[in-house]
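One line per chain: the protein sequences are G and Z, in this order. Numbering-wise, our numbering puts 362 at position 307 of the first sequence, and it's gapless, one number per residue. Numbering-wise, our numbering puts 116 at position 61 of the second sequence, and it's gapless, one number per residue.
Do not rely on the hints blindly, as some may be mistaken.
Pulled a few chain Z residues facing chain G out of the computed Cβ check, cut under 8 Å [unchecked claim]:
(1) 81
(2) 169
(3) 173
None of these hints come from the bench; they were simulated from the model. Each residue gets a CB set at the ideal place from its N, CA and C atoms; glycine is no exception.
Protein chains: 2
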Amino acid sequence: MIAELISVGTELLLGNIVNTNACYLSRKCAELGYALYHEITVGDNEARLCEAINTALSRADVVILTGGLGPTEDDITKQAVAKVLNKNLVTDEDSRRKIEEYFKFRYQDNPKHTISENNWKQALKIEGCTVVGNNNGTAPGYIVEHNSKVIILLPGPPSEMIPMFEASIKPYLQKRQNKIFFSNMVKICGIGESKAEADIIDLIKAQSNPTIAPYAKDGEVHFRITASADNEEEAKRLIKPVVDELVKRFGINIYTTSEEETLESVLVKLLKQHGLTLATAESCTGGLLAGRLVNVSGVSEVFGEGFVTYSNEAKMKYLNVKEETLRQFGAVSSQTAGEMAQGAARAAGANAGLAITGIAGPDGGTSAKPVGLVYIAAYLNGSVAVNEYHLKGNRQKVRELSVIYAMDLLRRMILSQMNNQQF
Amino acid sequence: MIAELISVGTELLLGNIVNTNACYLSRKCAELGYALYHEITVGDNEARLCEAINTALSRADVVILTGGLGPTEDDITKQAVAKVLNKNLVTDEDSRRKIEEYFKFRYQDNPKHTISENNWKQALKIEGCTVVGNNNGTAPGYIVEHNSKVIILLPGPPSEMIPMFEASIKPYLQKRQNKIFFSNMVKICGIGESKAEADIIDLIKAQSNPTIAPYAKDGEVHFRITASADNEEEAKRLIKPVVDELVKRFGINIYTTSEEETLESVLVKLLKQHGLTLATAESCTGGLLAGRLVNVSGVSEVFGEGFVTYSNEAKMKYLNVKEETLRQFGAVSSQTAGEMAQGAARAAGANAGLAITGIAGPDGGTSAKPVGLVYIAAYLNGSVAVNEYHLKGNRQKVRELSVIYAMDLLRRMILSQMNNQQF
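Please put together the full structure from these sequences, using the hints given.
Printed below as a string of structure tokens:
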């Protein structure tokens, strides 16, 4: 079954808001096994909207529209669909009553408030359609079945659209599908996208069911393995050998095979598992590593403190980095990084320390120490590991990659020190 | 002039990533005076991509494509454009050399690393096009002029696409317009979007040239004032009275009227202007405030150190928060926040301290101290100001808003203490 999305709203075309609805609905379509080949955004213009609906109907089984159901002049989605299908708009008595109740409740302190003509627009429905209740606003949704096709109209605000989709549209779409789709994520850190793909190009080329789709994120590569089957058990049975093969090929580079887990949550989990505590010391990343760890709810069990030591003085004062080290090797050096990691752990009384020092740019680079040079050190139970990185990108990117590589370094160190393979 | 956007990538159609590129480019088109009537997303499928390009060329003067320029099998944007225009792909020697340099630099410690066949794909260009340099990745962009139309190909990752657009595509598109569009940004912190809009609804309703467009960001409201004119001076003359009026109405709530300035850069500038130094102390934000300050290149002049004190022990050890204070009022309290700010400044020998302590959720809330309760304290030359906030949203949002409000609190405190209005 093929679906197509049409997002309606001039505010999208002006770039006033990010179209998160398209992302949400795309994901839902994929989960429900509807193939999505086109997503369209058009403004509040009847001719262009009608054309988009016609085109979508010519190539998809299900057309989902979001936006343009509000009470104002430029909300025209319902009219456009009615026009394309050559149907009338008729009053839905139930919707009319709900609008009355809504305004009565909202303006209970102001009995003189009258409902404007525009608001009654929201009581109109396309004849023969199913009206879908909206518990979070005044605009109902609509399901229109027409010949063998379905057109679904949803309100634009995500706070109304998402609960409506979950409650009413998802079960409806599920019923129209006979297959279920199930997927598993394999998340990798420490290998580039092209290398990762090259390593499993034979699997990618041979794929049919399940499919293997790579996604490159900054510093990471994710593979989604998706199977379609009659039921979840059958899908899982199809997926398992592919995931097993990836685990065999990528080994320790895989940090999780769970959709929900992130690099920081995996690191925090590992620390907890081994009864370890961590302290951080950051120079060029200025707190981003600590900030990312604190993403994990409940991190306080393993992480109590961190240091942002941007200046040399702070590195000496809090982390006990030697003046001699700074003078001889500089703040951006393997030696300083190592002393920072060890110093942070000591100061905090933690088992592990993680330190980042580097030149994030755009200024501060020299030919000997160019922008992008970053040293990352991990200290764990008496040992220190330091890696040197040459990172490409702007200040922001250098700092984000540094944070990712730091977490990955400690993850690997814990796994190897504990001689405890994750998989 | 009409523009059309085509976003290419199956990951978009699967809902794996939000299409922020479309939002960014839509806004840029609006700013440059290009009318945008359609935005399309298609997957990595040649036939559908070619069809989308053909359709876009039939209705727009400028077609902008993002994505599908990478080295992997499913990166097909260049091939599709060449096919539609009936042109060849030829090797661009300059791109070839850059790829060699990139990999030589990246794998300098591993001389055995060879460049895979896939990577050379990125050295191919559509014959007769202009190659646009990419300082943040290996995929160049391309500008193809064909008959009276223009096709622009940009890489998908925003960290590569945005700098390329700003440096090369924006000036190119500007030159193709006969009118110039010039705009000025008024950035506000401390007032909600609807309040801000209501305060200038008369100006918004009366707008024609210049136009006034509001953009709500987390914790901030930006108004873009755009004039079209024959030249920049004329546009600036049209814009000035509107900006002046906004400055009059919003006063100290405006932190800048410059496009380039951010809240953190304005705060760092203010600290520099007044010869002040700052230290940070963070609990629930875990380093994000320090990380955001360090966004500003050259921040080291005013910011040398910060503390991530997630545990009570760390708050006492480094910031000298009294055990009695923690016991009597709790870690999330006005008193603790105040002591943290003062303690951070004292420990670092700084004039100013900024502290955040709160409950970011999803766990840890109680009826007395619910999720979203955050105390922010600023210390400046002996005085302490503490604000209590009740923030809405998930963990991430509560933490981001906290960072913004903290910076804004210190900004206001400096301005009022120095009795030195910014405008």
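These are the hints, each one checked on the structure:
no., hint, verdict
1, 81, "holds (3 Å)"
2, 169, "violated (11 Å)"
3, 173, "holds (6 Å)"
Consistency with the previously given hints fails for number 2 only.
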